[in-house]
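J.: If you read the protein sequences in the order shown, they are chains A, B, C and D.
Per this note's numbering: the first sequence ends with 239, consecutive numbering throughout.
Per this note's numbering: the second sequence ends with 239, consecutive numbering throughout.
Per this note's numbering: the third sequence ends with 239, consecutive numbering throughout.
Per this note's numbering: the fourth sequence ends with 239, consecutive numbering throughout.
Note that these hints are calculated values from the structure, not bench results.
Hints may be right or wrong, so weigh each one.
As the list claims (entries may be wrong) - Some chain D residues near chain B, calculated using beta-carbon distances under 7 Å: (1) 100; (2) 144; (3) 175; (4) 178.
Unchecked claim - What follows is a set of in silico ranges between Cβ atoms, one per label pair, in the way DEER data are often shown: (5) D/178 <-> A/67: 20 to 26 Å; (6) D/86 <-> C/69: 52 to 58 Å; (7) D/183 <-> A/12: 52 to 58 Å; (8) D/178 <-> C/189: 53 to 59 Å; (9) D/184 <-> C/122: 40 to 46 Å; (10) C/27 <-> D/86: 48 to 54 Å; (11) D/186 <-> B/8: 21 to 27 Å; (12) B/238 <-> C/213: 55 to 61 Å; (13) A/119 <-> D/86: 40 to 46 Å; (14) C/230 <-> D/177: 27 to 33 Å; (15) D/184 <-> A/69: 25 to 31 Å; (16) D/86 <-> C/51: 36 to 42 Å; (17) C/58 <-> D/80: 51 to 57 Å; (18) B/231 <-> A/186: 19 to 25 Å.
Said to hold, decoys possible - Chain A regions said to be covered by chain C (calculated; three or more residues, Cβ under 8 Å): (19) 62-73; (20) 144-151; (21) 187-193; (22) 205-211.
Here the structure is a predicted model, which means the values were calculated and not measured.
Quick reminder that beta carbons are idealized off the backbone N, C-alpha and C, glycines included.
Number of protein chains: 4
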Amino acid sequence: MAQQPDFTNLKALFINCTLKKSPRQSHTRGLMEVSMNIMRKEGVAVDSLRLIDFNVPAGVQPDMTEEGYDTDNWPHLFKRVEAAHILVVGTPIWLGERSSMASKLIERLYAMSAMQNDKGQYLYYGKVGGCMVTGNEDGIKHCAKGILYALQHVGYSIPPQADAGWIGEVGPGPSYLDDGSNAKNSDFTNRNTTFMTYNLLHLAKMLQEQQGYSPYGNSPAAWEQGERWQFEKRS
Amino acid sequence: MAQQPDFTNLKALFINCTLKKSPRQSHTRGLMEVSMNIMRKEGVAVDSLRLIDFNVPAGVQPDMTEEGYDTDNWPHLFKRVEAAHILVVGTPIWLGERSSMASKLIERLYAMSAMQNDKGQYLYYGKVGGCMVTGNEDGIKHCAKGILYALQHVGYSIPPQADAGWIGEVGPGPSYLDDGSNAKNSDFTNRNTTFMTYNLLHLAKMLQEQQGYSPYGNSPAAWEQGERWQFEKRS
Amino acid sequence: MAQQPDFTNLKALFINCTLKKSPRQSHTRGLMEVSMNIMRKEGVAVDSLRLIDFNVPAGVQPDMTEEGYDTDNWPHLFKRVEAAHILVVGTPIWLGERSSMASKLIERLYAMSAMQNDKGQYLYYGKVGGCMVTGNEDGIKHCAKGILYALQHVGYSIPPQADAGWIGEVGPGPSYLDDGSNAKNSDFTNRNTTFMTYNLLHLAKMLQEQQGYSPYGNSPAAWEQGERWQFEKRS
Amino acid sequence: MAQQPDFTNLKALFINCTLKKSPRQSHTRGLMEVSMNIMRKEGVAVDSLRLIDFNVPAGVQPDMTEEGYDTDNWPHLFKRVEAAHILVVGTPIWLGERSSMASKLIERLYAMSAMQNDKGQYLYYGKVGGCMVTGNEDGIKHCAKGILYALQHVGYSIPPQADAGWIGEVGPGPSYLDDGSNAKNSDFTNRNTTFMTYNLLHLAKMLQEQQGYSPYGNSPAAWEQGERWQFEKRS
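Make the full structure from the sequences, and use the hints.
T.: The following block contains the structure:
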């Protein structure tokens, strides 16, 4: 049997993009807790938040108070994104799509993507991303596709099977935490949640031990200074 | 400046999903060569093929001759997929979507996803995937989203910024290799191609050195035997 | 109660993009028959085919024998598309996406989109499109989105709620026609199939009676000759 | 030449989902004005708004003040949606996706979809929808796909070629209204904008003259009372 690795140096942040403010029940939160509990039991430092509980304007600037808004909690929340090796984005499905809150989160993550780490790489390099989706009908893969794409686009690494979710049979019906759904017993969802969680941990640990990616071949700063490594323009 | 890593133990396979048979000119091939050339200069063993040149029926079985087809080149081609640490899928854009050939490739990759490696993980675990997209109009991110999602779903790992592409201004116009496009000089496309290529190499090397993922927490065989690691069902 | 309209002058074509050749059982066909049966009982002339039963190369030219292929059934099949007021595209879901066969169909429909009717409009103007999707897991809306978009893009009109489908609870499980699925009794799927079918009929009848769209404002031929109607370029 | 129809009884609403509050310059607004101007010159009553200028909470209830929010401008804005025969949704592209504001709009439109008209149909039946997209890089079709799908799903009809947009060559660059983009002179965008506009008008006029859709075959109220028209359950 495989040996238990030591994940105790890792930090993970779970952002729930439900449309319901705390303390209202969020089915997405219900599923995210399964993954958070695995991580906690593995000794990972787990942080979590609901984006809708905060005052975060839509926009694509790092700090929207500079764009005329009175308040913007994002710069403060972003410190928690920076501190975490792993980011898991959770979203409900509405009309087959991720929530507007998930889109706002990605817009604000993207707004920070010009920031660089001390190797001259995009700031998210060396971090690992996953996503969790709940609904009662249809759309896990569609939502996961967009979220995982956005995360890798700004610099996150995506391990195998980095998403998990639950939906019921086609059409309206009970949601994840509802008794009628029996969702907590879904072997498929439980297995995917487990595999996602461990693959995030394995890749995050590997990247932590390697101190992230070598900047050979991926540094915008070096590219701007004319470094091309083995790239050659087609003639 | 970052030290040059040794990538000479790596193998990469580039599958071009153009709708044009060899030896017709493929713009997608034109872009893929930029990445292949970087890899070759880094000492990587580079293999490549056009799916449309082969007799590969659509279907979701490992070998379609067992479903009544006379010929199926896929089982043979699949050996090349198995041999490669890195898979790069290239596709043209038609009506905003990846080609039907790219969809067929993913269906056939998916058909093999029940196969396991000697750790009891899905076969693609430990491999790394990326994608390249060309068109003259619109849709790189949409195509990349679907392809990268499919790759991670079957077990590939996705490094940061694992896609690159070229399109012109909205509407019909010259394609990548056409003189009028000036695409070969696109700093944006050249940089993304370079970063994608190196990030694929870095992550593949890291996974090779770690001998892939530990099976702790992600083995379907162990799950079926009742192993749950630190997963606990919600009550 | 609403009066029964007379739909007996209408013709509909159902194209099934299953990956299974006839006479193998297609779950997608199973669902499509529900809609076809409504139409037949309303006196509509119903035609249907499985694309995979024909020799149709992938490609974006009207006739691929001009591109070096020995055979291309598409030009002949296309006559059936031309003859029908209504086109319903059916697809199974594989890894959350429409089948490669559905993508090939759309590529070939698109290849004909330069053809014009006798008003100088795209050939599909005045026709009406819908789509039907089956799987055992997830992705109806994602597949429908892409197919309906492509249809309207080439000139089809899309009535309200122009898609219907069936999937089971998340994860593998029985398919539409399997006894265990109870899918034939899904009130949600049956209602959506019914509404889709009637909305296709209503809009097709309306467009037939109006002899399609007036070419005022939408004729590529007129645009090329300099006609701009009330369009004015921004200064 | 085609005769000019009389569109003077029609009303259209253009909702701009930019992330910039008035009076900041919105490129999406810039493109939407081209369509609005055609309509105005055709005698259509044109209304328009920026969603971000209003206090509209995210959520899927008709009135979020019943969910604990102090203010919700949506019920008031919705009267303008109800009054219009045509709805055009405009969105910028961020990371290849529609804005979070566009997602919020669709969530709130969806929240009203249980409302019925006096024929027992969904409220949006008989209305016509389109969409306009601007960015500097990539993603018109992806955004349009999701928006048009959502509109038809809640009951809008979609005429041929119901979207128009502008993007520049791959990578960052000037936006629609910027001098450097030359976008106002894009023949492709101007033609698509014109065709979209007129097709929306033609279909809206047709539906207005027919007093919308017959409720034969598409009334949820009748379905719930057991009416099935020619639908028959599969045995």
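J.: Hints broken by the structure, by number, lowest first?
T.: 4, 11, 19, 22
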